[in-house]
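Colleague: Numbering-wise, the UniProt record's numbering puts 230 at position 230 of the sequence shown, and it's gapless, one number per residue.
Calculated from the structure, these hints are not laboratory results.
As the structure is a prediction and not an experimental result, all values here were calculated from the model.
By construction, the Cβ of each residue, glycine as well, lies at the ideal position given by its N, Cα and C atoms.
Among these hints, one or two may not hold up.
[Stated by the list, open to error] Mimicking DSSO-like on lysine-lysine, the simulated pairs with C-alpha atoms at most 27 Å apart in a straight line are:
1. K198 / K113
2. K198 / K217
3. K198 / K308
4. K67 / K128
5. K217 / K308
6. K113 / K263
7. K128 / K113
8. K186 / K113
9. K263 / K198
10. K113 / K67
11. K186 / K67
12. K198 / K128
[What the hints assert, rightly or not] Between beta-carbon pairs, the in silico distance windows are:
13. P86 / G239: 22 to 32 Å
14. C115 / K263: 16 to 26 Å
15. D306 / Q159: 13 to 23 Å
16. G184 / T114: 39 to 49 Å
17. S220 / E54: 35 to 45 Å
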Amino acid sequence: MKFLESGPLFWSLSTVLLVASSFVGGYADTQKNYELALSSVTGPETIAFDCHGEGPYASVSDGRILKWQGSQLGWTEFAIPTFYRPRNLCDGSSNPNWEPICGRPLGIKFNTKTCELYIADAYFGLLKVGPNGGVAQHLATSAEGIPFRLTNALDIDPQTGVVYFSDTSIFFPRRAWRESIRLGDKTGRLMRYDPITKIVTVLMRGLAFANGVALSKDSSFILVAESATNQVHRFWLRGPRAQTSELFLHLERSPDNINRNEKGEFWIAVGSGRQTPQNPPQQRGTLEGQVVDPWLSRDAVGIRVDEKERW
1 MKFLESGPLF WSLSTVLLVA SSFVGGYADT QKNYELALSS VTGPETIAFD
51 CHGEGPYASV SDGRILKWQG SQLGWTEFAI PTFYRPRNLC DGSSNPNWEP
101 ICGRPLGIKF NTKTCELYIA DAYFGLLKVG PNGGVAQHLA TSAEGIPFRL
151 TNALDIDPQT GVVYFSDTSI FFPRRAWRES IRLGDKTGRL MRYDPITKIV
201 TVLMRGLAFA NGVALSKDSS FILVAESATN QVHRFWLRGP RAQTSELFLH
251 LERSPDNINR NEKGEFWIAV GSGRQTPQNP PQQRGTLEGQ VVDPWLSRDA
301 VGIRVDEKER W
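Take these sequences, add in the hints, and give me the full structure.
Modeller: Shown next, in the form of structure tokens:
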């Protein structure tokens with residue numbers, strides 16, 4: 001496993017996006033990074049690069065998807081979730097009370113074949129916008145007759161174009177996410193959207209705050225983060241265990257977004273409780289089914305793990 005400290009090693013979730021240009025010994029060299037300031041907006045949640053390698057694109061708190069156009073143009077608007085979005089109210093807003101009107105995109109991913117951008121918007125559901133951006137098309141807002149309440153993260157099968165995505169709760173919207181955790185809500189779902197049939201299929205139910213999702217390199221399984229339980233689950237899509245799930249990881253911190261690199265390794269962002277334990281463990285071990293690691297004392301913000309659960 002590689003530990004990621006809280007220095008500027010990823011594109012960070014703040015009003016500035018940072019990326020490290022090199023890694024040393026598994027840790028980011030925090031002296032080498034690029035900073036892309038977001039001057040008039042806040043809350044970048046996730047990023048993506050398009051099928052031409054351009055970007056990054058970032059989803060922000062006022063409901064828009066922005067594109068980085070280089071140092072001269074900076075950030076420009078690429079997409080909005082709905083035509084009925086009052087700019088005077090929404091643009092630049094960080095007020096969660098306006099999110100049902102303005103939108104709040106949480107997951108974004110480009111289809112590498114069509115160059116279309118798919119969006120998991122917390123309030124508007126699963127959306128899609130063409131290569132040139134604009135107003136997003138609404139694809140799905142419910143499954144099995146139950147509306148989405150907090151569409152969260154997504155990934156796309158590069159061969160079939162099938163979209164896998166999570167809905168955090170069937171009861172609590174994003175504005176009430178703390179209540180969802182406090183009350184022990186376990187209604188999160190993992191789903192698939194077929195772009196040919198337009199059908200949404202529920203793959204997993206009963207998740208406590210379903211969050212990040214990521215396909216394996218061969219698309220034989222998909223991971224989904226269960227933030228409220230500090231767990232990551234694996235749902236098998238192919239093979240002898242197809243249509244079954246199992247525990248993949250149990251962490252000390254709450255998993256959020258998951259991304260996979262070209263090597264097939266998963267990068268899992270972890271949050272919640274950035275503090276050093278009074279008696280940090282000196283070596284990796286297990287305690288009542290939980291993974292115990294000394295990385296807590298280093299204020300880690302992410303982990304890297306391969307498909308065989310090797311850290």
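Colleague: Which constraints among the numbered hints does this structure fail? Numbers only, ascending.
Modeller: 3, 8, 9, 11, 13 and 17
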